[in-house]
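Starting from the structure of chain H, add chain R where the hints point.
Number of protein chains: 2
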Amino acid sequence: MDFSKLFNPESIAIVGASRDPSKVGSVILKNLRITYRGKIFPINLNTDEIQGLKAYRKVSEVKEPIDLAVIAIPAEGVLSVLKGCERKKIRFAIIISAGFKESGNAGMKLEEDVKKFIKTAKIRVIGPNSLGAINTSPAYNATFIDPNSKPMEGNTAFISQSGALLSAIIDDATLEKIGFSKIISIGNAVDIDEADMLNVLLNDEKTGAITLYVEGLEDGQKFIKNAIEVSKKKPIIALKGGKSRIGAVAAESHTGALTDNNMSYDLAFSKAGVISVDNIDDLFNFMRDAPTLKIKTDEVIIVTNAGGGGVITTDAISAANLKLVKLSNNIVNELTKVLPKEASLHNPIDILGDATPERYKETLEIVSKLNKPIIVIFSPQETSLPIETAKEISEIQMQNRDLPILPVFLGGARIEKAKRFLRENGIPAYSYPNEAVDIIRGLYIYGTFTPPVYSTYDKTRTKPPKVSSKENLFGLHSKDVFDKIGIKTAYGVLFKNETELQKAIKKIGYPCVLKIASNTIAHKGEVGGVILGIKSDEDLKKAFASLKTKVSENHLKIDGYELYEDANKENRQNIEILLGAHRDPQFGALIGIGLGGEYATLLNETEFMLAPISDKDISEFRNSKIGKIISAAAKHKVFDELIDYLIKISKLMDANPQIKNIDINPIMMFEDSVIATDFKIYNS
Amino acid sequence: MDFSKLFNPESIAIVGASRDPSKVGSVILKNLRITYRGKIFPINLNTDEIQGLKAYRKVSEVKEPIDLAVIAIPAEGVLSVLKGCERKKIRFAIIISAGFKESGNAGMKLEEDVKKFIKTAKIRVIGPNSLGAINTSPAYNATFIDPNSKPMEGNTAFISQSGALLSAIIDDATLEKIGFSKIISIGNAVDIDEADMLNVLLNDEKTGAITLYVEGLEDGQKFIKNAIEVSKKKPIIALKGGKSRIGAVAAESHTGALTDNNMSYDLAFSKAGVISVDNIDDLFNFMRDAPTLKIKTDEVIIVTNAGGGGVITTDAISAANLKLVKLSNNIVNELTKVLPKEASLHNPIDILGDATPERYKETLEIVSKLNKPIIVIFSPQETSLPIETAKEISEIQMQNRDLPILPVFLGGARIEKAKRFLRENGIPAYSYPNEAVDIIRGLYIYGTFTPPVYSTYDKTRTKPPKVSSKENLFGLHSKDVFDKIGIKTAYGVLFKNETELQKAIKKIGYPCVLKIASNTIAHKGEVGGVILGIKSDEDLKKAFASLKTKVSENHLKIDGYELYEDANKENRQNIEILLGAHRDPQFGALIGIGLGGEYATLLNETEFMLAPISDKDISEFRNSKIGKIISAAAKHKVFDELIDYLIKISKLMDANPQIKNIDINPIMMFEDSVIATDFKIYNS
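Chains as they are written, first to last, in this note's numbering: chain H, 1 to 684; chain R, 1 to 684.
Please note that a few of the clues may not be correct.
It does not matter which identical chain is used: a pair holds within one copy or between any two.
Said to hold, decoys possible - Okay, derived cross-link-like pairs now, BS3-like style, lysine-lysine, Cα gap no bigger than 25 angstroms in a straight line: (1) Lys150 - Lys417; (2) Lys177 - Lys417; (3) Lys341 - Lys23; (4) Lys569 - Lys535; (5) Lys109 - Lys341; (6) Lys83 - Lys5; (7) Lys524 - Lys628; (8) Lys206 - Lys177; (9) Lys569 - Lys488; (10) Lys63 - Lys122.
Bear in mind the hints are in silico, worked out from the structure with no lab data behind them.
The shape of chain H in the complex, shown without the other chains:
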């Protein structure tokens, strides 16, 4: 759908425009008047004029067409205003009003009603509980941020779920001369959400990079889908609030958003090529530099006039999993010609404390041929010339427009002007080495992003059955399902009584394992419901008697008993593995594989993937710790069989949206085969 009228409207109505300067509706009108060149229609029931503009009682009174309505009236009246807008054929509205989902049950009801109306209406809505939206070219500021903090024009879009952070960031950005293309306070996202906004910004020529502050997403899969498309063209950088478990509780209490723990977001961001940052200052640097810098390699060059600066930068590069370029003999020879003999010609290239602007220039001319990102450290010393050095750096940049040059100017007052000069010339300038390194790391992730490919996933054949049961299926109750998708489970028989046991043992043989059968007792071992190592008729008789006693003494709710063959009769070397799936409310199925058995929870070595499983997921798993352990202990085909199982579980989750968790633990992995000896499906 065409969103051009949202960001480039010919006329804007502001419902709740006010003469009272303390009211939100007054501030928005003021901001609009300052920034917007189109027609403004203040709407107010009680007055004819506001801030010198003719006011109307209702949008229907306005004769001319209206492209965008900004609504800033108490929550109770919003639905009725929206209906009026729809009748007036207004196609976009921004609901500033708070008092919806975020403020309890009554607000929740109001929000539901608005949502229901929008579903069948033609009007598209940002908010409610939004600070508003800003376009810088053509300009309009339909927010209630302080009219004194004037966002500048730039190439970065910013979408925020927190209005307060948004206004603080605009404030700080303006001070630092960072500009924006569009700014959107997404609010409760009753209609237009982050994923929609990504779609709009994908083709916005003014937007070179998109930054997000996100606390929770309603539809994670839609976000991933749209983000993948965007990541093919421009970088997305996200700060996720509520990463920690306690942070998530804080996020929930203030936005009402459903949040899960961090892992699903990490996996989703990684799948979609989204650069994830940890704090506001990082977000800030990306806002400034993401639209211009292009990083296609993880190898970095450091040029420094301070040994210590080189050391610290190298540490940061290593911590970020980047590398230092190894300089060829040719380059070293060229450097020898221009640098003093005390200079260090290996990367980091230490051009010494007395480095002149000329020396910086000559060094940069040589290493710029390598076409790799260059971090240039400048530490002010007695004889240094900050501005002149900045000018030389700028010259080099002019001659190599696409070369990523990242100057780090250490120090205070003496280098401020030089930093400003660089920034005014479109060159980043950082205060500390780790900032430059974080930018390179992030943009490298983006620069080498490829959309997920699912060739192994698509090739895997399986017929996931529809699981109709609404209760959990533990043990042999779920065996049927695993049989159908092709996951090998230990051979076992369900039985109810002594007579059936005698038949069962004839099929199973010794050694065998006896368990209670139950869809409610998840950990049978813990209640004494499992007896291993049964080797004879006599063992079996005793075991069965003992189980029956346990059941009656502890009033265990069982559906009979299970007799299994011993999956490791020959006592062969094996590793216990676990496979599992968990349905994340935002992103769908998370599939996990890790060390199983006794020490699983202590070592907690599990790798997770977000369904569907991509070829990249598989190759990353292969290179993970647990992937390597499996490769070391088993043959190639066993590894592939486990991957096959992961995909089958993923497809099973897909075919049965009611399944909450699948838990196969342990799978005994032998050198040449695998077999699951305990397995559960959680439907409730």
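Quick look at chain R alone, frame taken from chain H:
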């Protein structure tokens, strides 16, 4: 020894004072003239007057006593000048001159000569290759930093191994109004090193906190010893350059310092209560706030006017392993009385976007009773009043002088004044939440530091033998040593030929294990030198024949063979553990315990401790992943036995400085006992 004349000299000679303003000796003189009220004696062979002061040809020409000599002449002349200073009874010198160890072999020789002279002289020396030293009260600036960057008086000392970083940091600190008590560029530390400086600063009343930039330490144990004493009184904050392996190479090439990887520094800093920071901006914040803030708890309160700010702060708190205070009903009730009903009364306490200064004040008054660190988030919104809010915060601080209040003022131009106001009133003011959290985390580590106690270590009785061998001792060659200190090893017999084998098998019995004996082949299994599972005379015969063939075919250098009992005859459940020791060049023995056997390197679950092993090391190990795995798999006494082994290895390392590594892997750990089945001592 008394260092008072170093920092409070009555007269300073500057050897190499110069009339040429481009010379280091000119800048130092200028800095001294600007800052120093005592007598200055410029020393220069060729002139009678410099910068209006009478100059002398040699220190011996000065009639009055001299307390401190600053030497800034070419390296070649330094030793002779030092000798002159010694004759003149000057007790302290700062050698600015470069051209020593850091610049190759010739410089190394010059440095050795200086070192040798100082050993028997009375003069104590800072440098060479030092930027100089600064005291702010009573003031002198004996450095060649830019005379325009005037370090302010404050309560933090700064010792730096990098001169360039030091000048950049002073520059930036001055801009940010951060002051210093003393600043020392430690240079090549030919005499006075960081540990000595710590000792001096321990009793310096002007110094409330000590910050360090370190790349390498010559004598790590001395550093730990002195740092522990300092940490009882004032915090030490260290930025370690060269943490990564590649960073260490960079550090080595520019300072000539021996550096090891990071782990030993982490362990040493932790043992000594030193707060370790990762980057310059963190170091900066500690410079400002460490002398004043006292943190004794890991529980934090957040008061915020922006939900998103609260969320991000909570995430940072969780990532730093800190906690949120759980508010009591009483506190919540009090808050109810002063806050609007939409406010969130749980921690983080969200006092809403329209929070007035008054509301901040009332909230802070209530929560300040809890006497826990409070992070106050201020995000500028349309109606907020930054300065007035800062004033209320300052009021609360005045009423509760020891309460750690950490305001975070988000945003740009609109909050600059408020931040300045807070800082001028001695209250920290951060730009981002993670800065406040990092400060709390660091000062909490310091605030709860207790010097190491060695009760278990001291109680452990063992008689470590003197190992005289200079070659490695592998397998049974080292068994003797382990027997003597009391570490159980698998029973085995060394033999040379068939006849001895027959005798050996009578002692060992079946099943058994046959190995080659060698002090040069570390991984016998990899060359086919180990045969397991020998169950009969026939097996043994075949095994021995096969080993002999392997040896001759592959020209293996062996000293015979080893026959071991099978340590797990009964095929009992066990976990393979590894114990090891490694001698770190700076800090002495590192002792490690972890998962052993096949997957040891893949999982890499090993905990390290720095010898001697403290009670805290033991309790931290107990709570580590691997500690918990051992506890889960074995009885209490087995855990204690492994700790006992660790201590014994530590004492063995102590008694034998030539031992480089000890490698006991695996130790088979059964539920009720342990036994080492492979063990090696590396002497070379």
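The hints, checked one at a time:
With identical chains, the CA atoms of Lys150 and Lys417 are at most 25 angstroms apart both within one copy (23 angstroms) and between copies (18 angstroms). Taking identical chains as interchangeable, the C-alpha atoms of Lys177 and Lys417 lie at most 25 angstroms apart whether they share a chain (14 angstroms) or sit on different chains (19 angstroms). In this assembly of identical chains, the alpha carbons of Lys341 and Lys23 lie at most 25 angstroms apart only when taken from different copies (20 angstroms versus 69 angstroms within one copy). When the C-alpha separation of Lys569 and Lys535 is checked against a cutoff of 25 angstroms, the pair qualifies both within a copy, at 10 angstroms, and between copies, at 22 angstroms.
Only between protomers do Lys109 and Lys341 lie at most 25 angstroms apart by alpha-carbon distance; the minimum there is 19 angstroms, versus 76 angstroms within a single protomer. For the homomeric pair Lys83 and Lys5, the shortest alpha-carbon distance inside one copy (19 angstroms) is at most 25 angstroms, but the shortest distance between copies (84 angstroms) is not. In the homo-oligomer, the alpha carbons of Lys524 and Lys628 lie at most 25 angstroms apart only across protomers (23 angstroms), although the nearest pairing inside one protomer, at 31 angstroms, exceeds that limit. Taking the shortest alpha-carbon separations for Lys206 and Lys177, only the intra-copy value of 17 angstroms comes in at or below 25 angstroms, while the best inter-copy value is 40 angstroms.
Taking identical chains as interchangeable, the C-alpha atoms of Lys569 and Lys488 lie at most 25 angstroms apart only when both belong to the same chain, with a minimum of 16 angstroms there against 33 angstroms between chains. For a Cα distance limit of 25 angstroms, the shortest separation of Lys63 from Lys122 inside one copy, 20 angstroms, qualifies, whereas the shortest one across copies, 97 angstroms, does not.
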